[in-house]
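Residue numbers (numbering that gives the first Met the number 0), protein chains in the order written: chain Y, 0 to 106; chain E, 0 to 694; chain W, 0 to 175.
What the hints contain is simulated information worked out from the structure, not anything from laboratory work.
Ideal placement from N, C-alpha and C gives every residue a C-beta, glycine not left out.
There are no misleading hints in this set.
Think about it this way: if two alpha-carbon atoms lie no more than 16 angstroms apart in a straight line, the pair counts; the simulated EDC-like pairs of lysine to aspartate or glutamate are:
1) K80(W) <-> D97(Y)
2) K406(E) <-> E483(E)
3) K403(E) <-> E483(E)
4) K177(E) <-> E391(E)
5) K22(W) <-> D97(Y)
6) K185(E) <-> E161(E)
7) K80(W) <-> D99(Y)
8) K186(E) <-> E588(E)
9) K185(E) <-> D587(E)
On the chain Y side, residues computed to face chain W include the following (Cβ under 10 angstroms):
10) G9
11) A23
12) L26
13) G37
14) F52
15) E60
16) F70
17) A76
18) V86
19) I87
20) R91
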Amino acid sequence: MNPTFNPLTGYLLVAALLFAIGLAGALTRRNAILVLIGIELMLNAANLNLIAFWRYGPHPEALTGMMFAIFSIAVAAAEAAVGLGLVIQIHRHAHTTDLDAMNRMKG
Amino acid sequence: MQDTISFAPQLGTSSIAQMLWLIPAVPILASGVIALLKQPRRRTASTLAIGSLAFSLLLSLIAFGHVLSGWMSGHAVRETVNFTWFQFGSTNVDLGWVLDPLSAVMLVMVTFVGLLIFIYSTGYMAHDENYMRFFNFLSLFAGAMLGVVIANSLLLLFMCWELVGLTSYLLIGFWYQKPSAAAAAKKAFLTTRVGDVFFLLGIVWLFAQTGTLLFYFNGAGSMESHALTGLLVQRSGFGMSAATVIALLIFAGAAGKSGQFPLHVWLPDAMEGPTPVSALIHAATMVAAGVYLIARVYPLMQAGMPAGGTTTALTVVTWVGAFTALFAALIAVAQNDIKRILAYSTVSQLGYMMAGLGMGGVAVGMFHLITHAFFKALLFMGAGSVIHGCHEEQDIRRMGGLRKHMKVTFATYAIGMLALCGFPLLFSGFWSKDGILEASQHFSASRGPFYMLVFGAFLTAFYMMRQVSYVFFGEYRGHAHPHESPRSMTTPLAILAFFAIALGAIGTPAWPWFRSFQTNTEAVFGFKGFNEPGLGLLMLTSSLVVLLGLGVGWLLYGNKSPAAEEPDVLERAVPWAWDALRDRLYVDEFYGMTVIAFYGWWARVADWLDRRVWGGAVALVAWVFGLFANLNRFLDASVVDGTFDKGCEEISTGGGLLSRMQSGRAQTYLRMLALAVVVLAAILIWGSKIWSSRP
Amino acid sequence: MSVVFYIIAALSVAGALAAVLLKNTVHCALALTVAFAGLALMFLELDAQFAGFAQILVYIGAVAILVVFAILLTRGSETPKDGVYSHSPWVGLVLAAGVFAVLGWAVLHSASFLPHETTQPTVTVMDIGNALMNRYVLPLEIVALLLTAALIGAVIVAMHDKATQDGPTSDKEGAR
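Could you put the whole structure together from the sequences, leaning on the hints where they help?
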């Protein structure tokens with residue numbers, strides 16, 4: 000481990016960990032909604048990264064990181080809404096949310 | 000004795016000379032019209048033909064009268080009408096016609112005899128279904144022959160010459176369904192062609208040397224003194240002057256047409272044609288064309304003649320003529336076909352004419368030509384009458400005693416026969432033949448022709464007596480019922496018989512009108528003409544020879560009627576000679592072995608070359624191309640197509656393999672994405688400067 | 000690093016793990032909420048108050064609820080027959096581990112180059128408002144448009160099809 004331990008490093012590691020967990024969830028769970036949960040986690044980890052860099056980077060008064068994060072939150076919310084709406088609609092047609100069962104694109 | 004003719008330069012042309020071209024043109028026109036007529040108009044055809052020739056006869060008589068009046072008033076008439084047909088470069092191609100004593104008498108003879116034969120044909124060919132075609136060709140022939148007579152231009156002469164040859168071919172092969180007739184026509188054409196090749200060479204050379212095609216052209220023609228002296232000076236490669244070589248070349252052409260040895264072989268075979276054809280073409284006119292040609296170019300033949308001597312050209316002409324006369328007469332003795340005897344007789348008499356031209360000049364030869372035309376036509380037509388009366392029988396051994404059945408025919412035939420033999424004093428043949436014998440007596444080069452001609456006269460009398468005895472005397476040995484021929488056939492016979500006698504009057508030494516007419520001297524009637532030295536002895540000799548021949552003939556054949564299968568008297572006596580003579584002294588066989596065999600061999604070689612060598616080369620090229628084509632096809636199909644097909648197969652297989660990667664599951668895709676991102680990130684991070692600049 | 004940071008980090012990570020690992024989907028959604036809360040606290044720790052409160056408002060207050068609604072509407076509370084994990088989950092785990100390895104490696108090895116500002120920024124809401132209206136007005140408007148479109152889209156997507164839809168009937172309750 001590096002002797003000059005940077006607080007930013009900690010935040011970044013946490014963010015990386017959260018991202019990996021979210022990815023693992025998206026890739027391994029059967030339920031479509033849990034995939035979306037994983038995606039939300041990933042987005043949050045990216046937000047954390049942004050805020051951390053804003054805090055410890057030069058010129059925090061420019062608010063770049065903060066704005067980025069806020070817009071990211073807004074977009075993530077919109078995306079979650081639409082995605083969940085799609086899952087609900089799929090459930091109505093196929094009576095399941097099992098991703099493994101949805102393979103009509105099989106080549 | 001040679002004659003020299005001098006004519007005054009032409010001043011103007013009379014109207015008849017201007018219209019002279021109508022004489023050949025009208026029969027040719029009639030021929031064209033007949034050709035276009037629809038089938039069943041036989042009367043029209045013969046009327047057209049006879050009418051056109053009668054018109055030509057009328058014009059010829061007017062022309063003759065014009066020339067005669069000119070002669071009587073002492074001015075020689077030689078009028079020419081010339082015009083340029085076309086020019087190429089600086090050379091003029093001229094055509095033209097001439098009216099002089101030579102052409103005048105020939106015109107009258109041809110049209111008159113032709114007209115009589117035309118009338119005769121209406122009776123002879125009455126039952127033939129190709130009546131119209133016959134008159135079509137006859138008319139065409141008459142026009143062409145008249146064209147030869149009046150031609151003043153070498154080109155016009157040659158064109159009409161060839162046309163005469165063509166119509167002869169058409170008429171000999173008139174009954175073309177008979178293979179022998181077709182073969183005879185072909186033989187006639189090809190044999191005369193051989194002569195014509197030399198003739199053409201002579202024409203071309205003459206034209207090249209003299210620069211003009213015209214015979215008489217106000218001093219610039221090729222038969223006039225200026226051109227002739229130029230030709231004499233010119234030396235050719237054979238050591239002879241150009242004049243001699245050209246004269247010999249032209250004589251070769253005349254020899255072909257007039258059946259001189261060795262180009263005589265076509266004439267006897269030409270008897271396959273209908274009898275009027277034989278009478279007109281092969282007795283009176285076409286075969287006489289050769290003699291006429293020599294007479295026309297006589298200034299060339301006698302150019303450079305020393306006084307009292309003779310030229311090389313004329314010597315050759317004489318010897319060929321004399322030899323032919325004797326040769327043909329010998330063969331005629333052993334023939335059994337009535338027309339074939341007459342054919343060989345014609346060959347023999349043509350030899351006489353040529354010899355006469357060679358030794359005695361234009362007048363001597365032409366007089367015999369004129370008289371021969373009349374009595375030979377008479378004899379042929381009489382033979383036709385006999386054949387017709389015996390229902391198409393032509394072998395004399397199957398005839399006999401016909402003088403009882405066919406009186407008119409017999410009488411006229413007898414007159415003709417005596418004229419041919421040269422029976423003394425009464426008949427024209429005697430005077431004309433005597434003229435030739437007299438000239439041969441004075442021939443400076445040799446006395447050989449004289450003896451040959453005398454012996455020939457003996458043979459002539461002999462074989463004619465033999466023929467007449469076989470046909471008209473004794474008992475009838477045939478199987479048909481002989482009858483007299485219709486009036487349309489016997490009337491011309493009578494007319495010709497009259498002339499066979501009467502024409503003698505214009506050639507006797509008492510009144511040598513013919514010679515004077517030709518030579519533009521005055522004709523004096525008087526018996527002092529008989530006072531020429533040696534003439535009386537000659538007349539006596541020839542008379543004796545004739546009577547001897549007739550006597551021997553009568554002795555052997557007269558009033559006996561041997562059966563058809565019995566061998567001839569002479570055959571029993573000298574079988575080897577008889578067989579040789581009957582087989583025509585093997586001339587045809589000789590040609591067959593040499594010339595014809597050679598051509599057959601050559602044709603086979605050419606055929607082999609064509610099929611094997613040239614054809615093989617072509618086939619080889621084709622085979623090579625085929626090889627290339629096959630190679631191309633193979634390459635295209637297997638290499639190009641195969642490669643392409645293989646490639647496509649591989650692509651589709653690959654595509655099939657790749658498509659199996661699509662599981663259709665979203666998570667699989669996500670995993671792929673994640674993996675790709677990892678890899679990319681790794682590359683970016685580890686490839687970046689942060690890593691590389693780490694201490 | 001301060002103790003607060005570790006606690007908050009542990010909270011977030013635990014919540015995330017629970018969200019991904021639990022069998023019951025509703026429990027997963029609630030654990031997600033905990034993870035969101037942890038993250039909001041971390042924002043506050045990082046002196047991004049506005050972002051933290053926005054996180055609470057939006058994520059916990061809207062997204063998490065939405066997720067719960069969706070789970071309930073799709074009968075996610077029932078345990079599926081074939082298990083909760085999809086085919087070959089190890090591949091996914093390996094990949095995630097790989098991603099973490101790469102990211103962690105990159106962070107740790109670039110630690111000395113990272114910026115480190117210790118001065119605390121003072122950010123007022125007025126500053127944020129100013130920034131939104133001046134510098135970031137275009138993204139603001141676009142996001143507004145985006146939200147509108149998402150709103151309409153979600154409504155349309157999730158709407159009942161009157162013609163073809165069975166409707167949420169009671170006789171289908173036991174079908175799964």
